[in-house]
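Undergrad: Residue numbers (our numbering), protein chains in the order written: chain A, 2 to 540; chain B, 14 to 331.
Note that these hints are calculated values from the structure, not bench results. There could be a bad hint or two in this list.
[Unchecked claim] Cβ-Cβ distance ranges computed for the label pairs, FRET-style:
#1 GLU132/A x ARG85/B: 55 to 63 Å
#2 PHE172/B x ILE384/A: 37 to 45 Å
#3 ALA133/A x ILE52/B: 54 to 62 Å
#4 GLY134/A x ALA95/B: 47 to 55 Å
The C-beta atom is built at its ideal place from N, Cα and C for all residues, glycine as well.
As a plain string of letters, each chain reads:
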Amino acid sequence: MIHFSRWKIILILGLCSLGLVLAAPNLFSKEQLAGFPAWVPKSTLNLGLDLRGGSHLLLEVDLRSAFKERLANLVQAIRAELRSERIGYSRIGATRDQALVVIRDPDKKARRGRGGQTNIERAAKLLRRLEAGTEVDVSGARITVSYTVEARRERDSQVLQQSIEIVRRRVDEFGTTEPSIQSQGSNRILVQVPGLDDPERLKKVLGQTAKMTFHLLDERFGFGTPLPTVAPPGSFFAKQRPDKRQDLQGGPPGRVYVLKKRVVVSGEHLVDSQPSFDTGRPVVSFRFNTIGARKFGRVTQENVGKPFAILLDNEVISAPVIQGPILGGSGIITGGFTVSETQDLALLLRAGALPAPMTILEERTVGPDLGADSIAAGQIACIIGFILVLVFMVMAYGIFGVFANIALVLNMALLLGGLSLLQATLTLPGIAGIVLTIGMAVDANVLVFERIREEVASGRTPLSSVDAGYRRALTTIIDANLTTLIAAIILFEFGSGPVKGFAVTLSIGLVTSMFTAIMVTRLIVVTYLRLRRLQTLPI
Amino acid sequence: MAIFPLRLVPPNTKIDFIGRRKIAFVFSALLIVLSLGFIAVKGLNYGIDFKGGILMEVRTPGPADIDGLRKRLSGLGLGEVALQEFGRPDDVLIRIERQPGGEKAQMVAVETVKAALGNDVSSYRRTEFVGPKVGGELIQAGILAVVLSLLAIMVYVWFRFEWQFSVGAIVALTHDVVATIGLFSVLGLEFNLATVAAILTIAGYSINDTVVVFDRIRENLRKFKTMPIETLLNLSLNQTLSRTLLTSITTLLALLAIYIFGGAVIRDFGFALIWGVLIGTYSSIYVASPVVMMMNIRETITSGSVGGGETGQENPAQ
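Kindly produce the complete structure, drawing on both the sequences and the hints.
TA: Shown next as C-alpha cells:
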C-alpha cells in the first residue's frame, strides 16, 4: 500500500489532470469558449430545465383512437371490395379489435367465372389479400379480419414516430434553442423546451390534433331548417367551435350543422398557411398542393352559391358560402379570429395534423428567474459547504486534513469534469447531490486516517501504520461505498427528471471520491512520508 | 499545532452501547409505532407528484396579499386551493387539488388561474401540473424503488457478510425509512418525488455507516475468538466511533449549507437528509449491531465458515 509503481503514479496524475481539464470549461462563458482553439474541450455542465428555465411536458398519444380509425378504414375497404364483387352481407362493422362481416347466402355459388367458389370462400379469399399484416378468420357466415400483434405494434410505433415528427415541427415554429423531443415508452413523448416565454401557448398548440377537413353541408338541412334527430345516412352532425365571438360567416357558437361525411379536401394537401388580414379582419390564408387544388377547384365550381364547412378537429371553425370557383388552390379562412389565433392556426396547419389525439399528462415549467436564483443558491450552498468541510478536516487531522482537502478539491474537479464529459443533466437536486458528495467524500479518508491512528497507537512505525491503515480500510471503503452506490443506481433507474440528476451526481461523486481517497491521498501521504522521514506521525 | 489535530473522541473510549440496547429498543419501538400511527391516522401530505394537481410559484410586485389572492382563487370553483409564502414575502406557492375530469381539466384550470391572477403576479416562477395517470405511476415507481434498493442492499450485505448482518442491516434500514416517513407525517411536510430521493439517499448513507461498523465486528470476531459478544460489539462500536462522528459531522456541515443557503425549493429535501444522517448514525449503533447479536452471530463465525476479508489471517494486535 505504500509502493507506487511509476506507471501508476503517471496514471493517477494523468486522471487528475484530465479531470481538471474537463472541468475547466465551466469557468468560462460560452463566448469565451467559442474563441478557444478547436482542440480545447468545450463541454460544460448540461443544466436541467429546473436550473435554466423552460417547460417539460409529457404527452400521451392516443394509440387506441388511431387504431380505431384504422379499423374504420379497414371496414370501408372490406365494404368496397365486397360490393365490387357483388357479394352480399347482412352485417358489417368494427368491434373493439377487429373488423367483422356477416356474408349473406354464404354457401351460394359466387358469380360465374370464379372457379365454382361459394360466396364465403370467395369473400375470405378477397379479404385475405386485402391488407398485409391481417389475419382472416371464418366461422359460419362470419368473417373477422384482425391485425396481427406484430402489425399492430409496428403501426403503433409508426404513429408514435409520426407524432414525434409533427410535435417537433410545431415546437420548432417557436424558434427556441435546443428543444428536446423524445419518445418514452410505447405511447409517450417527452418534450423539453428551454427558455420559453409563453408555455400556455405551447401547450395549446401541442394539445390539438389539427385535423382540418372541408365538407359540404347537407342541403336538406340548411340554415333555418329544423334539425333531424338522427343524422341521415352519409351525413353527420358538427358543432360550431364553442367560442365567445360570433363568426361572421357561420352561425353562433354551439350551432349544429348537418354535414356530408365525404371529405372534399383535407389538411394533408396543404402546402402553406400563413396568418393574414382580409379587409381588416385577421384571417388564415392557405395554399393547396396540385391534388388538393384540383379537388377544391372542382367542388367549388360545382357548388357555387352553396355553403361549405371548414372543420378543425371535428368542430366547425367557419361555414362560408362558395362565392365562385376557387381554381388557384389558395384561399382564406375567416372565423372571427384574433390575431394570435390566426398565428397558431396557421402554425398548426403548416406543421400538419397529428395521426392521433394527444393529451398532456404532466407539465413542469420553471421560469428563467427561478432557475437563475436556484443556480445562485446552489453555488452558495456548495461553496459554504465546501469551506466548512475543508476547515473541519484541517481541525480534525492537521496536515493529513490538508491532504484530504487536496483530494477533495480534485474530487470536485473530477466530478464536474465527469458530468461535463457525460453531458449528464445537472438539476437542482443534483446540486444538492454535489454538496452531499462534499460531505460524504471525506468519509473514505476519515476511515483511513482513523485506522492509521489506531495502528500508530498499537506501536507501529509511521510507514507501517500508513501501510496497514490503507490496507485494512480498503475493504471497508469498498463495501460501504458499493452499498450506497446500489441505492443511487436504483434511484437513477426509477427516478424521473430532477431526481435522476441527483442520482447521477451522487453516483459519479461516490466513484470519484473512492478514487481520490484510495489513490490520490495515499500518493500524497506516501510522498510526504518519504520526503520528511518522520519518527512520529502528526495525525 | 497545540490544538491540532482536534480529537472529538478520545482514543480508547469504553462506552457501553450494547448495555443500553434495551433502552434503545424501547426508544426505537416507540419511534416506529408512533411513525406508523401517524402515517395511518394523519396520513401524508402528498405533493402533486403523487396526488396529481397543480402547483404554481408566483412572484408578486410587492409583499404578497395572501388572503386577497386566496379569496380570488377560491371563487374559481377549483376545489381546495392552498397558498403559502415561499422563502420570501413576495413569493407565493399555490397548490390546487387535482381537478376532476382527467388530464385536460388540469390544463384548463392552469389557464383559469393565470387569467384570474392577471396583473397581481409579476412572474410565474414555476408551473407544474401532474395528471391522475402519471401520479399513480410515480407512486408505484417510488415504492418499487425503495423496496428494490432495500432488497439489493440486503443481498449485497448477505453476499459480503453473514446472513445475520444482512438481517441487522435491513432492520436498521427499514427503521430509518419508516421513521423518516413518520417525521414527514408528524410535521406535515410535503411528500413528493424529492422525498423519495431523500429516503433512498438516507438508506444509502445509513447502510454506509452500518457496513463500516459491521466490517469491524467481522474483523474482531475473527481476531478475538473467545471474547464475549457483548464486549466485542462494544469494542467494535468504540473503535469506529470517532469515524462515525467525524463523517456524520462533515456530512451534516454540508447538509446545513444546503438547508440554509440552498433556496426554498430544496429546503425540505435538505431537512430530510439532515434527519436521515442523525437517524442513520443512531441506527447503525443501536439497531443494526444489537440485531446482529440477537441472531447468534458468534456461533456462525467461530465454527469457521467465514469467507472474504484479508485481515483474517493476520496476527491479532494486542
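Undergrad: If a hint holds in the structure, say so; if it doesn't, say that too.
TA: Right, here's what the structure says about each hint:
Checking the proposed 55 to 63 Å range against GLU132/A and ARG85/B shows it holds: the Cβ atoms sit about 57 Å from each other. About 40 Å separates the C-beta atoms of PHE172/B and ILE384/A, a value consistent with the hinted range of 37 to 45 Å. Restraint check, ALA133/A to ILE52/B: a C-beta distance of roughly 56 Å satisfies the suggested window 54 to 62 Å. Remark: the range hint 47 to 55 Å for GLY134/A to ALA95/B is upheld by a beta-carbon distance near 52 Å.
Of the numbered hints stated above, none is contradicted by the structure.
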